[in-house]
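Could you put the whole structure together from the sequences, leaning on the hints where they help?
The primary structure of each chain is shown beneath.
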Amino acid sequence: MMKDPFGGMLLNTAFRILVPFSLVYAVYVLILGESSPGGGFQAGVVMGFGIILARLILGEDSGIFNIRLKNSLALAGCGTFIYTLAGWLTLAGGGKFLDYSFLPVAMEETHELHALGILMIETGVTICVMMTILNIMDAVVRRSED
Amino acid sequence: MQIYTVEAILLVFLILITGCIIYERDLLSAVMIYCAFSFGAVLLYLMMGSPDVAFTEVVVGTVSTIFYVIALKKIDRWCK
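These protein sequence lines map, in sequence, to chains A and B. For the first sequence, my numbering gives the first residue as 70, with consecutive numbering after it. For the second sequence, my numbering gives the first residue as 68, with consecutive numbering after it.
Please keep in mind that the hints were generated in silico from the structure rather than gathered at the bench. Check the hints yourself; a few may be wrong.
Label pairs and their computed distance ranges (CB to CB) [to be verified]:
#1 Phe80(B) / Gly164(A): 47 to 57 Å
#2 Glu91(B) / Glu181(A): 49 to 59 Å
#3 Lys165(A) / Lys141(B): 48 to 58 Å
#4 Asp130(A) / Glu91(B): 33 to 43 Å
#5 Tyr90(B) / Leu185(A): 51 to 61 Å
#6 Ser104(A) / Phe106(B): 19 to 29 Å
Treat the numbers as computed from the prediction; the structure is a model and nothing was measured. Glycine included, every Cβ here is placed at the ideal spot set by N, Cα and C.
Right under this line is the structure:
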């Protein structure tokens with residue numbers, strides 16, 4: 070009955086396996102980006118790829134994964150804001166811009182502060198890149214509908 | 068010495084693929100051949116010892132192929 074809910078075995082398998090895998094793998098790439106290949110940009114593109122795949126399979130009318138153009142633009146700005154917020158926090162802690170040793174967080178070790186700061190700016194880069202890719206997708210689809 | 072030979076073969080392969088893309092009349096085939104170009108570039112980056120750039124190339128090549136195919140839905144497939 071609910072054997073092929075997304076219209077065919079290929080789309081069903083793609084949605085059930087590829088979309089969750091790419092979303093989880095993006096978080097993995099983001100978290101382990103300091104010690105292995107990867108980082109904010111790659112994580113953002115992988116996450117955007119998962120959402121684009123879901124939108125291609127489900128169609129434009131479905132409610133799930135359908136981020137509107139206005140929201141995606143605002144979220145891209147939020148990603149840039151998170152990046153600069155890390156810099157402002159270090160300025161407030163008494164250091165230079167993006168000097169992670171001066172983050173106003175109660176941690177003794179310096180490398181822990183560095184890891185926290187890098188994770189913060191990479192989260193911002195991830196959100197910005199993902200939403201920018203969704204913006205490009207929206208622009209291409211909308212242009213083709215005119 | 069052997070690694071340089073493989074790199075040279077890959078570079079010649081990439082140049083041939085680029086020529087194929089330029090002279091291809093079918094735009095959908097051109098997009099697919101561009102995907103092969105991306106894969107060859109990934110192998111070259113891995114051989115040059117930068118897995119970070121190779122990972123970026125894999126992901127961006129896949130996403131840009133999706134964008135090209137979506138854009139091809141509205142324009143004419145054949146280049147006359």
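Hint by hint, here is what the structure shows:
1. For the hinted restraint 47 to 57 Å between Phe80(B) and Gly164(A), the CB-CB distance of approximately 49 Å keeps it satisfied.
2. Range check, Glu91(B) to Glu181(A): about 53 Å between beta-carbon atoms, so the 49 to 59 Å window is met.
3. At roughly 50 Å, the beta carbons of Lys165(A) and Lys141(B) sit within the given window of 48 to 58 Å.
4. In this structure, Asp130(A) and Glu91(B) meet the distance hint of 33 to 43 Å, their C-beta atoms being roughly 35 Å apart.
5. In this structure the hint that Tyr90(B) and Leu185(A) lie 51 to 61 Å apart at CB holds, the actual value being about 53 Å.
6. About 27 Å separates the C-beta atoms of Ser104(A) and Phe106(B), a value consistent with the hinted range of 19 to 29 Å.
Violated hints are absent here; each numbered hint is respected by the structure.
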